[in-house]
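I would like the entire structure built from these sequences, with the hints used as guidance.
The listed protein sequences derive, respectively, from chains A and B.
Mapping of the first sequence onto the working numbering: residues 16 to 383, in sequence order.
Mapping of the second sequence onto the working numbering: residues 16 to 383, in sequence order.
One or more hints might be untrue.
[Stated by the list, open to error] Covered stretches of chain A, as calculated for chain B (at least 3 residues, CB under 8 Å):
#1 95-105
#2 172-178
#3 219-229
[As the list claims (entries may be wrong)] Derived DSS-like pairs (lysine-lysine); straight-line CA-CA distance at most 30 Å:
#4 Lys383/B / Lys52/A
#5 Lys58/A / Lys368/B
#6 Lys359/B / Lys229/B
#7 Lys359/A / Lys376/A
#8 Lys322/B / Lys359/B
#9 Lys383/A / Lys368/A
#10 Lys322/B / Lys383/B
#11 Lys229/A / Lys322/A
#12 Lys383/B / Lys368/B
#13 Lys376/B / Lys322/B
#14 Lys229/A / Lys359/A
#15 Lys376/A / Lys57/B
#16 Lys368/A / Lys383/B
#17 Lys368/A / Lys58/B
#18 Lys57/B / Lys368/A
#19 Lys376/A / Lys58/B
#20 Lys57/A / Lys376/B
#21 Lys322/A / Lys383/A
#22 Lys376/B / Lys58/A
#23 Lys57/A / Lys368/B
The hints are simulated quantities; they were obtained by calculation from the structure and are not laboratory data.
For each residue, glycine too, the CB sits at the ideal point set by N, CA and C.
Protein chains: 2
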Amino acid sequence: MSGTEQVRELQVELGDRSYPIYIGQGLLGRFGETAEKHGLPKKSPILVVTDEAVGSLYLERATASLAASGYVVASHTVEAGEQAKRLESLGDIVTTALSAGLDRDSTIIALGGGVVGDLAGFAAASYMRGVRFVQAPTTILAHDSSVGGKVAVNHPLAKNIIGAFHQPEFVLYDTETLATLPPREVRSGLAEVAKHGLIRDREFTAWCETNAEKLLAVEPDALSYALREGCAVKAWVVSQDEREGGLRAILNLGHTIGHALEAVAGYGELTHGEAIAIGMCGSARLAERLGFAAEPVYEPTSRLLAKLGLPTSLPSHYDTGAIMEAMMHDKKFRGGQMVFVLPKAIGEVDIVKGIPSEVVKEIVESLK
Amino acid sequence: MSGTEQVRELQVELGDRSYPIYIGQGLLGRFGETAEKHGLPKKSPILVVTDEAVGSLYLERATASLAASGYVVASHTVEAGEQAKRLESLGDIVTTALSAGLDRDSTIIALGGGVVGDLAGFAAASYMRGVRFVQAPTTILAHDSSVGGKVAVNHPLAKNIIGAFHQPEFVLYDTETLATLPPREVRSGLAEVAKHGLIRDREFTAWCETNAEKLLAVEPDALSYALREGCAVKAWVVSQDEREGGLRAILNLGHTIGHALEAVAGYGELTHGEAIAIGMCGSARLAERLGFAAEPVYEPTSRLLAKLGLPTSLPSHYDTGAIMEAMMHDKKFRGGQMVFVLPKAIGEVDIVKGIPSEVVKEIVESLK
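Shown next, in the form of structure tokens:
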């Protein structure tokens, strides 16, 4: 990258599928030069997939930069929100891709949050059995999904159940786009940032608590630092276990309960970050209840999340039976056993198998 | 494999994704022991995907064998025919998979022809981002799709445009199922068998011509030999180039024109084998017209195909403009250039780029 602004860079190490993440102010305006640097072919059209909310603000900026570098660019805009992540949207993207003449040397770019990234990424993974993919995240939450190559769409019965592993060529993270995020989305994104600290970095966890106000105020330096540290934790885990053979599952801290809450709430009522914040509190309680935690984990976890403006308990009208049912459908259960990621300490987690469902039910109740 | 019947075996060499193809009479009745031999987990349910035509004849035989070995087996039946190969069918399979409790250690089995193989294979590739896959082909044509791991569904604008590469654990080819094939499907399947000879095996091509009557009569020994030889050619090519970087494209002999004919005809009017038979005649003519062929190729190609009961010319009502248009949409075109697989001799082909579309148009006209 050239230019005078500071650009933080992080390399995700995955052998011949390694790729860099660029984080900095104004990077969308340098999309074209970055694409050239990474050798995206100019003979084949590029398709930018975005949603209505992000597209109206940033699509022009991204495509103008690419066009200025000599790329032929088409775009496809989906509705904003989780409901765009379905098989029908994939079919619609392919319609646009075919009409725009995308071939095997083409690139599909995701410009947006995690929903757009997952959807466009699955389109890139499956269009002609796989074309190049680039991520341009526009939310804090997407720092998580921009590392690791997990892409998917939802099914009415389960989230992220139809997908692939497909690594991007590079990730272009323009922190300017975060300034326009609604406060609730900022908080939701910070839940995943906090998760990465809780998983593997005690020091960064403490830093997040100290700097919670700056983060909530979307202060560029603090945010840029937090995004890079969050990405670094995830990148380390993914580089150890690209295909989720074992270790990678630690990234699911808070997600077993969290996904169930989202399913029961109906997609969209709880944000993803809110759901996993409650889920992380549940995991901490479970770790203490089972005697797995070597130090108090619930109090510091819930204190950090509360400082980040996130919920730490469950709205009382949620039905425990429905939540348990939703967990049974979750793809993190193998052969009927209940598996959880539990904190041993702040900054250290492990995967614990064979947890009795009655204990889980008790914890879910205790979160109300 | 145990038992007294002769089982022909062929290993597809793909490093840690290598797998065997078993070809023989009555193999569906030994599905359970083969699954055990390959270590398919018994704790996780298996889903057999089939179509109405095949399922009514063979589903019970396959599931009974698996159940006898202690597997929990669910099934999903799609309508017979190419129209089942669409995204909606994938969603339906996932509904069944979730209801049956399939998890990451589960296996999806394709019991049927190429359509079922491609659809169930894409389901296996994308369900939970990939579960185990087994092919049990019940057509001659499927000897082709059972090697190489290319799986996909169609889009209204293009065939096989949404898919993945996903190798099976093993292929179980029960030649008894071929006895119930309609004569037109036998001929269609033999087109792909002949294609494999024309690509790389002059001797096998001659054998096919000599034994055309036995093959058309579905004589078990002849057919079993032909399937193994056909699979062997394809397996050799695929093992050299799993992800279709270059060489693998030679398998598309006859497919550029063939796919266009299928698209123009509407899926189903021409069988796939009929379409590529005409396509291979076109490629042979094109090779002679461009001076690429080192010996006469059109006459022996069309003679072989005619002996196998296949069409060698184009129905005159087909619109040349529409065929050309369909070829432009074909994913085998990179950056707008026309690319064809052309025979240099019988049993030897190569990929030829930069062919002027006017010459292709002339050849299409000459096929009428």
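Hint by hint, here is what the structure shows:
no. : hint                : result
1   : 95-105              : holds (count 3)
2   : 172-178             : holds (count 5)
3   : 219-229             : violated (count 0)
4   : Lys383/B / Lys52/A  : violated, 49 Å
5   : Lys58/A / Lys368/B  : holds, 16 Å
6   : Lys359/B / Lys229/B : holds, 29 Å
7   : Lys359/A / Lys376/A : holds, 21 Å
8   : Lys322/B / Lys359/B : holds, 22 Å
9   : Lys383/A / Lys368/A : holds, 25 Å
10  : Lys322/B / Lys383/B : holds, 19 Å
11  : Lys229/A / Lys322/A : holds, 11 Å
12  : Lys383/B / Lys368/B : holds, 25 Å
13  : Lys376/B / Lys322/B : holds, 27 Å
14  : Lys229/A / Lys359/A : holds, 29 Å
15  : Lys376/A / Lys57/B  : holds, 28 Å
16  : Lys368/A / Lys383/B : violated, 66 Å
17  : Lys368/A / Lys58/B  : holds, 16 Å
18  : Lys57/B / Lys368/A  : holds, 19 Å
19  : Lys376/A / Lys58/B  : holds, 24 Å
20  : Lys57/A / Lys376/B  : holds, 28 Å
21  : Lys322/A / Lys383/A : holds, 19 Å
22  : Lys376/B / Lys58/A  : holds, 24 Å
23  : Lys57/A / Lys368/B  : holds, 19 Å
Violation of the numbered hints given earlier is confined to hints 3, 4 and 16; the remaining hints are satisfied by the structure.
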